[in-house]
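As a plain string of letters, each chain reads:
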Amino acid sequence: MVELTIDGKTVEVEEGTTVFQAAKSLGIKIPHLCYHKHLLPTGACRLCLVEVEGARSLVASCACPVSPGIKVMTNTDRVINARKMVIDLLLSDHPQDCLICEKNGDCKLQNYAYQLGVRSTSFKGERHVYPIDSSNPFIERDYNKCILCGRCVATCATIQRNNVVDFAGRGFETRIATYFDRPMQESNCVFCGQCVGVCPVGALTEKEAKFKGRSWEFSKVTTTCPYCGTGCRFDLNVKDNRIIKVTPSWDAPANQGRLCVKGKFGLDFVNREDRLKTPLVRRNGELQKAGWNEALDLVAKKLSGIKEKHGPDSIGGLCSAKCTNEDNYIFQKFMRAAVGTNNVDHCARLCHASTVAGLATAFGSGAMTNSIDEIAGADCILVTGSNTTENHPVIALKIKEAVNCGAKLLLFDPRSIELADWAHLHLRQRPGTDVAWLNGLMNVIIAEDLHDKDFIRERCENFEAMAETVAKYTPEYVESITGIPADKLREAARIYATAKAASIIYSMGITQHSHGTDNVLCCANLAMLTGNVGKPYSGVNPLRGQNNVQGACDMGGLPNVYPGYQKVADEAVRAKFEKAWGVKLPANPGLTLTEMINAAGDGRLKALYIMGENPMLADPDINHVKEALQSLDFLVCQDIFLTETAALANVVLPAISFAEKDGTFTNTERRVQMVRKAIPPVGESREDWQIITEVSKRMGYKMVFRVPDEMPVRSAVKTAKGYRMAYRIPDLIMAEIAKLTPSYGGISHSRLEKEGGLPWPCPNPTHPGTPYLHGDKFTRGLGLFSAIEFKEPAELPDEEYPYTLTTGRMLYHFHTGSMSRRSKGLDEIVPEGYVEINPADAADLSIEDDQFVKVSSRRGQIDVKAKVTDIPPQGVVFMPFHFAEAAANVLTNPVLDPVAKIPELKVCAVRIEK
Amino acid sequence: MEREKTDKLQAVIDKYKGVKGALIPVLQEVQDLFNYLPDEALRAVGKGLKVPLSRIYGVVTFYTQFHLVPQGKNSIHVCTGTACHVKGAKKMLERIESLLGIKDGDTTEDFKFTLKSVRCVGTCFLAPVMMINEDYFGELTEKKTEEAIKQYN
Ligand code: SF4
Ligand code: SF4
Ligand code: SF4
Ligand code: FES
Ligand code: FES
Numbered sequence: 014m015v016e017l018t019i020d021g022k023t024v025e026v027e028e029g030t031t032v033f034q035a036a037k038s039l040g041i042k043i044p045h046l047c048y049h050k051h052l053l054p055t056g057a058c059r060l061c062l063v064e065v066e067g068a069r070s071l072v073a074s075c076a077c078p079v080s081p082g083i084k085v086m087t088n089t090d091r092v093i094n095a096r097k098m099v100i101d102l103l104l105s106d107h108p109q110d111c112l113i114c115e116k117n118g119d120c121k122l123q124n125y126a127y128q129l130g131v132r133s134t135s136f137k138g139e140r141h142v143y144p145i146d147s148s149n150p151f152i153e154r155d156y157n158k159c160i161l162c163g164r165c166v167a168t169c170a171t172i173q174r175n176n177v178v179d180f181a182g183r184g185f186e187t188r189i190a191t192y193f194d195r196p197m198q199e200s201n202c203v204f205c206g207q208c209v210g211v212c213p214v215g216a217l218t219e220k221e222a223k224f225k226g227r228s229w230e231f232s233k234v235t236t237t238c239p240y241c242g243t244g245c246r247f248d249l250n251v252k253d254n255r256i257i258k259v260t261p262s263w264d265a266p267a268n269q270g271r272l273c274v275k276g277k278f279g280l281d282f283v284n285r286e287d288r289l290k291t292p293l294v295r296r297n298g299e300l301q302k303a304g305w306n307e308a309l310d311l312v313a314k315k316l317s318g319i320k321e322k323h324g325p326d327s328i329g330g331l332c333s334a335k336c337t338n339e340d341n342y343i344f345q346k347f348m349r350a351a352v353g354t355n356n357v358d359h360c361a362r363l364c365h366a367s368t369v370a371g372l373a374t375a376f377g378s379g380a381m382t383n384s385i386d387e388i389a390g391a392d393c394i395l396v397t398g399s400n401t402t403e404n405h406p407v408i409a410l411k412i413k414e415a416v417n418c419g420a421k422l423l424l425f426d427p428r429s430i431e432l433a434d435w436a437h438l439h440l441r442q443r444p445g446t447d448v449a450w451l452n453g454l455m456n457v458i459i460a461e462d463l464h465d466k467d468f469i470r471e472r473c474e475n476f477e478a479m480a481e482t483v484a485k486y487t488p489e490y491v492e493s494i495t496g497i498p499a500d501k502l503r504e505a506a507r508i509y510a511t512a513k514a515a516s517i518i519y520s521m522g523i524t525q526h527s528h529g530t531d532n533v534l535c536c537a538n539l540a541m542l543t544g545n546v547g548k549p550y551s552g553v554n555p556l557r558g559q560n561n562v563q564g565a566c567d568m569g570g571l572p573n574v575y576p577g578y579q580k581v582a583d584e585a586v587r588a589k590f591e592k593a594w595g596v597k598l599p600a601n602p603g604l605t606l607t608e609m610i611n612a613a614g615d616g617r618l619k620a621l622y623i624m625g626e627n628p629m630l631a632d633p634d635i636n637h638v639k640e641a642l643q644s645l646d647f648l649v650c651q652d653i654f655l656t657e658t659a660a661l662a663n664v665v666l667p668a669i670s671f672a673e674k675d676g677t678f679t680n681t682e683r684r685v686q687m688v689r690k691a692i693p694p695v696g697e698s699r700e701d702w703q704i705i706t707e708v709s710k711r712m713g714y715k716m717v718f719r720v721p722d723e724m725p726v727r728s729a730v731k732t733a734k735g736y737r738m739a740y741r742i743p744d745l746i747m748a749e750i751a752k753l754t755p756s757y758g759g760i761s762h763s764r765l766e767k768e769g770g771l772p773w774p775c776p777n778p779t780h781p782g783t784p785y786l787h788g789d790k791f792t793r794g795l796g797l798f799s800a801i802e803f804k805e806p807a808e809l810p811d812e813e814y815p816y817t818l819t820t821g822r823m824l825y826h827f828h829t830g831s832m833s834r835r836s837k838g839l840d841e842i843v844p845e846g847y848v849e850i851n852p853a854d855a856a857d858l859s860i861e862d863d864q865f866v867k868v869s870s871r872r873g874q875i876d877v878k879a880k881v882t883d884i885p886p887q888g889v890v891f892m893p894f895h896f897a898e899a900a901a902n903v904l905t906n907p908v909l910d911p912v913a914k915i916p917e918l919k920v921c922a923v924r925i926e927k
Numbered sequence: 002m003e004r005e006k007t008d009k010l011q012a013v014i015d016k017y018k019g020v021k022g023a024l025i026p027v028l029q030e031v032q033d034l035f036n037y038l039p040d041e042a043l044r045a046v047g048k049g050l051k052v053p054l055s056r057i058y059g060v061v062t063f064y065t066q067f068h069l070v071p072q073g074k075n076s077i078h079v080c081t082g083t084a085c086h087v088k089g090a091k092k093m094l095e096r097i098e099s100l101l102g103i104k105d106g107d108t109t110e111d112f113k114f115t116l117k118s119v120r121c122v123g124t125c126f127l128a129p130v131m132m133i134n135e136d137y138f139g140e141l142t143e144k145k146t147e148e149a150i151k152q153y154n
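So the sequences go chain by chain: A and B.
The first sequence lines up with residues 14 to 927 when you count with the working numbering.
The second sequence lines up with residues 2 to 154 when you count with the working numbering.
Just so you know, the hints here were simulated from the structure itself, not pulled from any lab data.
Relax, there's no trap hidden among the hints.
The calculated lysine-lysine pairs, modelled on PhoX-like cross-linking and capped at a C-alpha distance of 25 angstroms, are:
id: 1; chain 1: A; residue 1: LYS589; chain 2: A; residue 2: LYS715
id: 2; chain 1: B; residue 1: LYS74; chain 2: B; residue 2: LYS145
id: 3; chain 1: B; residue 1: LYS9; chain 2: B; residue 2: LYS48
id: 4; chain 1: B; residue 1: LYS6; chain 2: B; residue 2: LYS74
id: 5; chain 1: B; residue 1: LYS104; chain 2: B; residue 2: LYS92
id: 6; chain 1: A; residue 1: LYS233; chain 2: A; residue 2: LYS767
id: 7; chain 1: A; residue 1: LYS767; chain 2: A; residue 2: LYS752
id: 8; chain 1: A; residue 1: LYS501; chain 2: B; residue 2: LYS51
id: 9; chain 1: B; residue 1: LYS51; chain 2: B; residue 2: LYS6
id: 10; chain 1: B; residue 1: LYS88; chain 2: A; residue 2: LYS137
id: 11; chain 1: B; residue 1: LYS91; chain 2: A; residue 2: LYS137
id: 12; chain 1: A; residue 1: LYS501; chain 2: B; residue 2: LYS18
id: 13; chain 1: B; residue 1: LYS48; chain 2: A; residue 2: LYS421
id: 14; chain 1: B; residue 1: LYS9; chain 2: B; residue 2: LYS21
id: 15; chain 1: B; residue 1: LYS48; chain 2: A; residue 2: LYS501
id: 16; chain 1: B; residue 1: LYS74; chain 2: B; residue 2: LYS91
id: 17; chain 1: A; residue 1: LYS97; chain 2: A; residue 2: LYS121
id: 18; chain 1: A; residue 1: LYS421; chain 2: B; residue 2: LYS18
id: 19; chain 1: B; residue 1: LYS74; chain 2: B; residue 2: LYS92
id: 20; chain 1: A; residue 1: LYS804; chain 2: A; residue 2: LYS485
id: 21; chain 1: A; residue 1: LYS466; chain 2: A; residue 2: LYS485
id: 22; chain 1: A; residue 1: LYS880; chain 2: B; residue 2: LYS48
id: 23; chain 1: A; residue 1: LYS421; chain 2: B; residue 2: LYS51
id: 24; chain 1: A; residue 1: LYS421; chain 2: B; residue 2: LYS21
Please model the complete structure; the sequences and the hints are all you need to start from.
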């Protein structure tokens, strides 16, 4: 500890603290332009100058570490004059455009000029006249206002690690520039917008927010991103019930102010004109506007009728990985208690059903074992089947941070994705051969005696059976299956096994296979074999796709479990829920999503209630899905847009978007975080949970929410007589969830608001949450090794269909595109789908870049533009699945993993023609 | 890029791979090879040395020795500093522009001359001044300017 005095006050701070930080801890604010708490100090602007007794010149406090006994003065005439001079000089080459500047009111230069009373510059000299760059859809650059603080440069280099901009030129010509001063869209910029977030002046601004409001006109609401499972938090800036822009929330636990383009610039779908505003009812074959009562009555009547005639199991429900935990809890309660069936599932079936099944078998709990933050601390990161930079961009930053600190990245991916540039080894397996190389790694580790025998003995079981199976997977044998060179596989195995903390990160490239559960079990085997689980930094980390897919699973949006993965088949559990919900519950597990679609096709399922899902684009073999949905007697869709699926419905119910909701999402690291209402419902749309309780009531099952003892009253509600304090129903729903779900036992909205998000298990109100799982023992007790043999994918390329198609996502769009494709900027930058083809294959087929090609499989055919690139290896083509007009899932194979019932979306055989 | 040059470029990059502080010497050698720094060559340097392109651009634009456009055999620097300005530097510049048929900053089609206006070259007592390569020409008139240039033709 170091003691010093600042402005006469004595303070003790840790060694290495800067004078700036020490002053801050005393509540003394020192003006600063280039310093930012998330960046290393550069000392560029000299505004933070202070006087140190005995020192000859003034020092920049942001870059000056404290030393014992120094006396610092932050406020002397000398200091003030120096600061005035800095501002004066900056103003000498600055357009005083405050009248129409977007940054007015939130500009550091303006604020300090005001505080220091610098009205205008006393220097006369040349001024820059740079053209304003507004050529990309997201960021406007006006370098006439740039004060060369370097924050954008440092942010892009040290946080986003893209190095899009840097200082260029010298002297008066010094400027911030991209390579060759080109527009940003021609650089490697990913439009994360973080440079905009740190720019202290009006040089970098959000293009779409221009002239739409000033900082003091916005109400700011901190909430959670509705796109991917990273769970980034940010501030919605709202004016006149519209989201004008998104600004960083620097203390957010999962993302620390970082965002990707979707969270930063892709939320304009909320205020789109084509939001559903009233219920729609199909009359004479056409969807027509209807009142709420009519629509709700009709839904209740139809469902009750079908239930009576065909039994409750003729009805199915899809809840939603996009909706809140509270919505999903109510939905599955409705299906189970009001309809009386366990036929409830959601799109997790299509992404991580094999994770839930596999990791539950091996460890007892099917979720990420570690927190996102821990990734940065691993020494070895094995990434497979995750194009992290595009699909979980903010998590990818942690991987890059780890590599930057010396961690070794092992990338197993057929495609040359961006992470390949960061990888120590990039090994390109033939698609669908993951069990083989995973077994190969374990073969090497055991053969070279690198396994953790103590861990295996004390914490695991069934090791011998696994070891026996992998014995035949020698690197040479594995090479013959996967194409991965044997010596490289050996090298990878050694790196993984000898790392202090090794983490496996995977995603849909592992799960979406007919042997997806096997793949997951192999990942678990590998981690247990080397003792790389149950401690900080190391573990098995499936990255979940949707914002709340973790939560939708946690809430029992699955056919075999109640909230908290409590089995419906378990009598004691069932009795607990029967008591809580006051009704007899069905004992047999229900149908999965994929099975429901099939059951609809062959007439066993009569009605389907879909909340916020779009199987018409997300599911494999879309042509079959369409036929199945059309043969239902009754289809209800509850959504924010008329999706491809909703267009087929008998009744469409307009729901509110995330920006209009209170509730919680659970991100991929199991962290439960608040979602906050920022604008009132659009049109007549209603909260999802509310719509469901209305239908439920009409079907004779009324849901009542009890106020637990000691719950604070937390919301002001407007009534005819003025304001009245009331409970928010989502708070009460969470209270019911906590009561029935041990892992959510200590979670409440008031805690989340105070503590900023809690990772489950969080069993009681004083428990701090659990960043990493399986600490002293596995959730299931002992970790279970499984002996897994390699199986080929169900459909291999042959003469007729010679290419392997693999599908996935890309940075600028999300899932079925129902949100991202309605965002102006995202749609402008990537307006259409494409198929990636290796240049050698393109030459064989004499296909050129940007040319339309026909891609066909045994199930269907689509026309799509070719993108000739060496990202996929020869023989493999890749398509993103977001685009309805070029829907990859027309082609994919619906064959299922026998355990998890997940379809094989990652491998099928296709033909390509001009 | 011609084959021979790309091979040489690669050789330069390979020579400096993994060497600290190699960027400037590499850029110098690359410029010797091409007489300027072409986009593709810089990309190859960036990839080979693992230096971000924006950083390379920053360095290239910081040092006046580096050129991003092809340079003529002779460089003409016309001073437009205050003293020369007062003494009619602008006229001289225009004269050269019309003589060579190019604008300030450009290079003639036959790559003989590159014309560039610069700030004070430090010989104000001779204003207006220009430099051709390393040689100074002072107290310029239009005629003197023309004659000076002809010497290099
Ligand atoms: S938007 Fe992101 S990637 Fe692009 S320049 Fe700014 S910080 Fe870098
Ligand atoms: S653009 Fe903004 S952040 Fe970047 S150097 Fe200029 S003022 Fe600083
Ligand atoms: S889409 Fe994912 S990474 Fe991007 S801002 Fe939203 S949560 Fe973060
Ligand atoms: S804030 Fe310290 S030098 Fe800029
Ligand atoms: S101004 Fe031209 S030489 Fe000084």
